[in-house]
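Novice: Now for the letters of each chain:
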Amino acid sequence: DAKTTQPPSMDCAEGRAANLPCNHSTISGNEYVYWYRQIHSQGPQYIIHGLKNNETNEMASLIITEDRKSSTLILPHATLRDTAVYYCIVREFSGSARQLTFGSGTQLTVLP
Amino acid sequence: DSGVTQTPKHLITATGQRVTLRCSPRSGDLSVYWYQQSLDQGLQFLIQYYNGEERAKGNILERFSAQQFPDLHSELNLSSLELGDSALYFCASSVGGGAGQPQHFGDGTRLSIL
Chain A
9 DAKTTQPPSM DCAEGRAANL PCNHSTISGN EYVYWYRQIH SQGPQYIIHG
59 LKNNETNEMA SLIITEDRKS STLILPHATL RDTAVYYCIV REFSGSARQL
109 TFGSGTQLTV LP
Chain B
803 DSGVTQTPKH LITATGQRVT LRCSPRSGDL SVYWYQQSLD QGLQFLIQYY
853 NGEERAKGNI LERFSAQQFP DLHSELNLSS LELGDSALYF CASSVGGGAG
903 QPQHFGDGTR LSIL
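Line by line, the protein sequences are chains A and B. The first sequence maps to residues 9 to 120 in the numbering used here. The second sequence maps to residues 803 to 916 in the numbering used here.
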């Protein structure tokens with residue numbers, strides 16, 4: 009799986025959009041981009057994933073650049089409950105390896 | 803609520819002992835994954851089962867073993883426990899084993915070795 013680079017920490021004001029960047033410059037054509045978050049010591053929570061196109065669901069939007077070398081997770085109206093570690097993961101969709109490889113993630117702190 | 807159930811939530815035991823962690827996947831999910839999260843290692847993949855068969859292995863110690871039963875629940879067995887095995891153990895499930903299918907995690911079992 010391609011390696012990802014994320015800033016270690018970010019702050020965001022409550023009610024504002026939180027934009028979390030991820031660099032995956034070595035991504036290959038058969039790899040998805042996944043985002044998970046982990047609040048304190050709870051289980052990681054799936055947020056969104058995409059291959060080439062931008063994606064949106066009830067939680068967030070995922071913007072993937074045209075060259076697929078980077079992506080941004082957007083939480084449109086951050087709340088205090090969005091404070092968590094956010095993980096950007098690339099995952100190959102062929103071969104035997106199906107696990108998620110977690111890096112260090114970005115600690116997002118939503119400030120009141 | 804992810805729909806993945808892990809029991810027990812907390813487990814305290816002593817070195818040298820053996821424990822069993824249990825995971826019930828989401829309804830309809832055939833794949834189960836086990837992960838370990840310790841303070842110094844982050845989230846590490848241990849093993850995957852798909853419909854009762856082992857599919858992939860990660861950094862799982864020989865003292866650890868797992869299985870998935872016909873009803874699709876899974877158990878992770880940890881034996882000859884050491885202090886370093888203290889960690890959070892998460893189970894995740896997905897519909898199949900494909901990379902386009904998200905894994906959904908349970909709330910974990912916190913294992914403390916005294």
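Accuracy of the hints is not assured; some may be wrong.
[As the list claims (entries may be wrong)] Looking from chain A toward chain B, a few residues come up when the C-beta cut is under 8 Å (computed):
1) 20
2) 21
3) 24
4) 36
5) 50
6) 52
7) 54
8) 100
9) 107
10) 108
11) 112
12) 115
[As the list claims (entries may be wrong)] Just the calculated beta-carbon pair ranges, DEER-fashion:
13) 82(A) - 820(B): 14 to 24 Å
14) 80(A) - 872(B): 37 to 47 Å
15) 822(B) - 47(A): 21 to 31 Å
16) 882(B) - 22(A): 27 to 37 Å
17) 88(A) - 864(B): 36 to 46 Å
18) 47(A) - 810(B): 15 to 25 Å
19) 861(B) - 65(A): 48 to 58 Å
20) 898(B) - 50(A): 32 to 42 Å
21) 864(B) - 29(A): 35 to 45 Å
22) 805(B) - 25(A): 26 to 36 Å
23) 120(A) - 811(B): 43 to 53 Å
24) 803(B) - 120(A): 43 to 53 Å
25) 33(A) - 861(B): 32 to 42 Å
26) 31(A) - 810(B): 17 to 27 Å
[To be verified] Computed from the model, here is a short list of chain B residues facing chain A with C-beta under 8 Å:
27) 804
28) 805
29) 807
30) 810
31) 847
32) 871
33) 873
34) 908
These aren't lab readings, by the way, just hints derived from the structure by calculation. All C-beta atoms, glycine included, are put in the ideal place defined by N, C-alpha and C.
Novice: Provide an ascending list of the numbers of those earlier hints which the structure does not satisfy.
Specialist: Violated: hints 1, 2, 3, 4, 12, 13, 16, 19, 20, 23, 24, 25, 26, 28, 29, 30, 32 and 33.
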